[in-house]
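S.K.: Taken in sequence, the protein lines are chains W and R. Read in order, the letters of the first sequence correspond to residues 6 to 464 in this note's numbering. Read in order, the letters of the second sequence correspond to residues 34 to 1002 in this note's numbering.
Fair warning: there could be bad hints in the mix.
[What the hints assert, rightly or not] Below 30 Å or equal to it, Euclidean Cα-Cα: the simulated DSS-like pairs (lysine-lysine) are:
#, chain 1, residue 1, chain 2, residue 2
1, R, LYS461, W, LYS84
2, W, LYS84, R, LYS458
3, W, LYS218, R, LYS758
4, R, LYS691, W, LYS218
5, W, LYS210, R, LYS777
6, R, LYS758, W, LYS210
7, R, LYS881, W, LYS43
8, R, LYS881, W, LYS400
9, W, LYS380, R, LYS921
10, R, LYS954, W, LYS210
11, W, LYS218, R, LYS161
12, W, LYS210, R, LYS822
13, W, LYS84, R, LYS484
14, W, LYS218, R, LYS954
15, R, LYS161, W, LYS400
16, R, LYS768, W, LYS407
17, R, LYS759, W, LYS216
18, R, LYS921, W, LYS323
19, R, LYS980, W, LYS222
20, R, LYS980, R, LYS822
21, W, LYS222, R, LYS921
22, R, LYS758, W, LYS400
23, W, LYS216, R, LYS980
In short, the hints are calculated from the structure, not lab data.
Spelled out from the first residue to the last, the chains are:
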Amino acid sequence: MGMGGALGLGPLLSNLNASDRSVNPLAPGKTHFPARAKRVIHIFANGGPSQVDSFDYKPELYKYHNKEMPGESLRTERKTGTLMAPPFEYKQRGQSGIWASDLFPQVAEMADDLCIVNSMYANVPNHEPSLMLMNTGAERVSLIRPSMGSWVTYGLGTENENLPGFVSLCPGGVPVVETQNWRSAFLPGAYQGTHIDTENTLISKLIPDIKNKRMPKELQRRQLDLIQQMNRADQQTQQHDPDVEARIHSLELAYNMQIEATDAFNVEREPQHIRDLYGDTLHGRQMLIARRLAERGVRFIQVWHGAGQPWDSHSEIKKNHGRLGAEADQPIAALLKDLKQRGMLNDTLVVWGGEFGRTPTVELPTPGANAADTKLGRDHNHHGFTMWMAGGGVKSGFQYGKTDEFGFKAVENRMHVHDLHATILHLLGFDHERLTFRYAGRDFRLTDVHGEVFHDLIA
Amino acid sequence: MLDEQMSFAHKLRLLALSVSLATVSCAFSAEDAKPPTEKNAATPEFPAAQIEFFEEEIRPLLADNCLECHTGTKAKVGLMLDRRAGWLKGSDYRKVVDLEKPAESVLIKSVSHTGGKDIPSMPEDLPKISDESIAKLTKWIGMGLPWPEYDKPAEADPKQHWSFQPVKKPELPENAGHPIDYFLSKSQKALGVTPAPKADRQTLYRRVHFDLLGLPPKFEESQKFINDPRPDNVVWPELIEHLMGSQHYGERWARHWMDIARYSDTKGYEAGGRERRFVYSYTYRDWLIKAFNEDIPYDKFLLYQLAGEQLVDWEGPDKRHLAALGFLSLSKNGKQELVLDDRLDTTFRGTMALTVSCARCHDHKFDPISTKEYYSLYGVFLNSMTEDQPTIGDAPKGPEYDKYLKELAEKQKVVDEFLEPKLEKIAKENPNIANRRAQLIGKLERPDRIKLRNLERVVDKFVADSKMEADKALVLKDRESNINQHVFIRGNPSRRGELAPRQFLEIASLSEEPTEYEKGSGRLEMAQDIVDPTNPLTARNIVNRIWMWHFGEGIVRSVDDFGTQGEKPDHPELLDYLATWFVENGWSVKKLHKLILTSKAWQQQSSNPNEEANMLVDAENRLLWKYNRQRLDLEQMRDGMLDVVGNLDNTMYGRAVKILEPPYSNRRSVYAFIDRQNLPPIFRNFDFSNPSETTAQRPNTTIPMQALFTLNSNFVQNQATNLAKKTESAEDRIKAMHRAVFAKEPSESDRHMAESFLTVFNSEMGDFAERQTETEWSYGWGAVDDAGKVDFKPFPHWTGERWQMSEQWPYEHNLYRYLRADDRGFMHPGATESESAMYQWRAPADLKIQVESVAERSAVGKGNGVRLRVATSSEGVIFDKVLEASQKTLPVNIPQISIKRGEFVWFILDANGNTSHDSTKWDPKIVDLDGNFPAWQESEMFSGPAKPATAWSAYAHALLNTNRFLFVE
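Only chain W is shown next, with the shape it has when bound in the complex:
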């Protein structure tokens, strides 16, 4: 947006170079090369969704159901036993004929729009480090590093200064490792994720201080005019100072944000058929909010399934995954359809997945942890898991990489989380090796010293 004109501050801001990022850290940034995606919606199925129950079809599991897995056994967090067939029915979907289960029946029907990576892998079978790896590229919880959303916002700035550049929607509280998942670490605070608890429906509870409760908007405008009048009067005796001008500008932005943000989070403004598409549920509402934010130029939107680690089904995969899938399926499918019908899927990259997947084998009771309640669940699995992307310049109706015959370990076209990061940054127009920030004598980057762009995934 034209900064001066739109705000009626033209002459005042004539000296302010809006692209001076030392003054305005959220001004649009330059990419290294033309971008395929302008924004990211990262749907985080936190806790670890099971690949063999969703998008990684393994016929052998039916043959070996209740039998020992032949060959080498892999270490995961807890002990597991025999192989367990998926309790969700698999079918081939769409033109592409991709096999997908009924865990996500509506998403599965969108298979022709998905770019499914079955060969993801991470380093360890524990939630905390794997969450940190997925979100910051640095596995160790005590190594505080900027999150992917912060890096992207640092690189790209925002298209809409009336909203935060990076938003993390998580209903009911925060995930494991808490706000570290969207922290900006040594990057300036302007790049940190703004957490929004989508269990709230009142806008005043969604964003702190978004509304002045003591005077109506028209009078706040009067007050703001007075503040700006005094600022301008004082400026007569001062010389050009970008910091002072930036603050004058930011007051106007904040004023507009009150209107814009209120609007962005108000799903009631959507026509009934769109609200029906997403469904009148918590997840439907938050996915619709995600789309409204994307539409308004928010760069990086993370949509978490919930506080803690909801997808962590150590027991009763059928019941627990079934419930979670039912919560998430329609909203996710709706998002894809909706983005598509608005022409937004072209430049919006949707990413779905957890911090890792789950074992094809059944989890055995572990004394002290889950002895009482474990039955027919699966343990954490970082050796191989599935993520999918859609839109934003990736191939569609495409399946990439393979796990072994039981879906345990990625064996073909293995893609590490660092590679995923490199590829996402590439789609956004950045060379992951050149998107760096100097701190403590070093040039840091999201992928540290790793990562490779997987061009095979790119359309």
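Fit chain R to the given chain W structure using the hints.
M.R.: Structure of chain R alone, referenced to chain W:
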């Protein structure tokens, strides 16, 4: 000399947020990326013909296609193609030439674009080079990379880098005047830059107040100073002394050091709900405040923080200095190697501006620090344990403390009774570790470990919550027997290299070669090496940082990196002068303040009549041709707002307070509870330092979230309301407000603006204020008489998140001890029926409504249940049931009520005769059956007192939002 001084030419600011074009990755990750050895780096002699081939065919090719990116230490992917050694070394990831099979070389594949996805095609953004050129390159590689001997790149020996040279005090001619101005004016004159005139007394008074105390000036005191007839050179130094004598000075300057010390009141992430708080972190903060106020010489200040436990008598009067070790011990938790790395990094970046930590996985890429040296220092920290917490404060006495001790003992007993038998058993089974407690605990079975953790959590939480313990210090102590650390190859603890004897860095040991430490861990010796006057970095580092805290930017702008990748000093002579002067003056920080504050440089205006000309030469103001206007930081802003309205609580020291949660503390921000894991967004929105790693300089950003806080938050508006109240009786209220906020009289134009604002606001606000008092839900208590008539009394006290009977809860008065309502739909009744808790809902129109709700008690099976009633103005009680003790929930649904505008519905909860376990979640939803209004859900609409702004409070609020208040000129 001048060239050296002008080396700043148009570099980006240290924190400029541009995307760096240079990639300098951190580690050599690939297995084959070995740094060149002496042997292969040496250039053999080549036949003249080959050299000629290189000069004619290859060199131009490189120049045109490669050297734009692959030159010098900033070469992309670490590949330096401007020197033969660079070709041999390859990139950070792999070798690029194969001398045996030249055509197989990665580089040849890269330029022929045949490397597939593994090898990027080069040159980037340029046309592919010709096949002929590729053939020549291949041939040249086959020759063994002939390169002329004389043509070594002009790469300075990093040991010759400026910051590693001894500090030399520059000559100061007689009549030089103030040394700071002497050195600055030399550069200013040379470049034709004119400094700004001196600022007036009014401006300077406000500036120095915020600078030294972090607080705004008072009008009367400011006037006294302005009108003092004595000359500046008398009153100014006097004022500086006076302010430095204030206790608030230490509160301001301790906070600067806390940024370096990555101060936090929590350890970081702890899984499984373990206690995260450091119970005694505050003793370190308090020690810092006192240390600054007492002006402890800086060398001693560091010694106490690095090895204080070896310098003081633990039982003597000096034992308070033990708290200084918080500098090391308040590190973030995690794996040992990362905890120790954090201590090491904080120490060396903090005190010597040296990024020693870069050498953790490989030799420092730019500075002369080897991995072995890193592990030499690591060994020092490895042998320093944090188990002891000696008491340094007075032991609390009295019955309350005795009670606390008793309770604590009981809680601890539970742990012991569980743990001791298990340990005894393990000790019997493992006699070799029988007296190593930590190892025995490590051998507990998983379920026992979890049980133990849960039991210990109870004790830890009790201690942290009680705030009863005497002050303790979180000290480090040397191990009894010390061990040397092996180098971790590539930073990996499972790959061990050679032993690294504990000793100091060679580069900072100017007087002699470093020798192995002999005393304990060597930590005290290391500390002494750091503060040794011959150490070239320590004094330069601190004078540079103090300079930054006064001017906004350092003389060396890369404040925590004096290495070869950092910036050079803008004024090297001045830096060295200040460093030597500081040491000569007994490392006195206060004396240094005075020297800086008495300079013309610091006292000049923040605008300059020659701005335009100066900007052309030095847009970044590195020559200090004006004072850098500065926005108040988070602490100055918050403390300042509290102070100008007379609300600042000046209580000093002690346990941290939460400033963003009720009951909102009005103490200074330096006492704010800092949770490094979940720092509230408001802190980072205002550029607060990162409490997880040492912070050299806070970012300086301007974002709308800051303005949302100043425009809309309750905190800022409450201060405005207070200011309005305070000035109520003033004859000239505009004047009174301006004096309070700006320590200045309002100008004529200020008055005009104020008057027209007040008039407009008053005329337009009336309607809103009326609407505001009509909120549908209100909260209170009272009784229902036999006729079903409800006597509703609003709760008198709002805590910021709850309505209750008074500030204190539970109250002394036994009857309505627990009465309250909160925003999660919970309410709690008083003891008798006449102290029922109530929600009152007022109908905004004539309506047909329906009530939906489920009341829920979490304490099923306890107490005797609660009684729930619903009543309306016209019909009295229409619902009356008991939620029994055995029940968890009770639906309260009323299908239809007809109600007139202004009538009420009450939701009434009473204790059913016994007030224990009566906390009940009751969150009624009222639905308009005609669908004209959205539903009224109690918990979502729950709010505090909606006191509408008045014209005067809005005016005061505006003043607090002006740049005049939020910037220091």
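S.K.: Give a verdict on every hint.
M.R.: Do the hints match the structure? See the list:
Between LYS461/R and LYS84/W the CA atoms are separated by roughly 29 Å; this keeps the pair inside 30 Å, and the hint holds. Between LYS84/W and LYS458/R the alpha-carbon distance is near 26 Å, which keeps this suggested pair within the 30 Å criterion. With a CA separation close to 19 Å, the supplied pair LYS218/W and LYS758/R stays within the 30 Å bound. Between LYS691/R and LYS218/W, the direct Cα distance comes to roughly 24 Å. Compliance with the 30 Å bound is thereby established for this hinted pair.
Annotation: proposed proximity of LYS210/W to LYS777/R is violated, straight-line Cα distance about 38 Å (limit 30 Å). Distance restraint check for LYS758/R and LYS210/W: the Cα-Cα separation of roughly 29 Å lies within the 30 Å cut-off, and the hinted pair is therefore satisfied. In summary, the hint linking LYS881/R to LYS43/W is not supported, as the alpha carbons are separated by about 49 Å, beyond the 30 Å threshold. The straight-line distance between the Cα atoms of LYS881/R and LYS400/W is roughly 55 Å, outside the 30 Å bound, and the hint therefore fails.
Our distance criterion of 30 Å between C-alpha atoms is met by LYS380/W and LYS921/R, whose separation comes to about 28 Å. For the proposed pair LYS954/R and LYS210/W, the alpha carbon gap of about 19 Å is at most 30 Å, so the pair holds. In summary, the hint linking LYS218/W to LYS161/R is not supported, as the alpha carbons are separated by about 64 Å, beyond the 30 Å threshold. A threshold of 30 Å between alpha carbons decides the hint, and for LYS210/W with LYS822/R the separation of about 35 Å lies outside it, so the pair is violated.
Simply put, LYS84/W and LYS484/R have alpha-carbon atoms about 21 Å apart, close enough for the 30 Å limit, and the pair holds. Distance check on the hinted pair: LYS218/W and LYS954/R sit about 26 Å apart at the alpha-carbon level, within 30 Å; holds. About 28 Å separates the Cα atoms of LYS161/R and LYS400/W, which keeps this hinted pair within 30 Å; it holds. For the suggested pair LYS768/R and LYS407/W, the alpha carbons sit about 76 Å apart, so the restraint of at most 30 Å is broken.
At most 30 Å may separate the alpha-carbon atoms for a hinted pair to count; LYS759/R and LYS216/W meet this at roughly 26 Å. With a CA separation close to 29 Å, the supplied pair LYS921/R and LYS323/W stays within the 30 Å bound. A threshold of 30 Å between alpha carbons decides the hint, and for LYS980/R with LYS222/W the separation of about 16 Å falls inside it, so the pair holds. Only pairs whose Cα atoms come within 30 Å are accepted, and LYS980/R paired with LYS822/R is accepted, the gap being roughly 29 Å.
The hinted pair formed by LYS222/W and LYS921/R fails the criterion: a straight-line CA distance of about 44 Å is larger than 30 Å. For the given pair, LYS758/R sits about 65 Å from LYS400/W by alpha-carbon distance, which is inconsistent with the 30 Å threshold. The straight-line distance between the Cα atoms of LYS216/W and LYS980/R is roughly 14 Å, inside the 30 Å bound, and the hint therefore holds.
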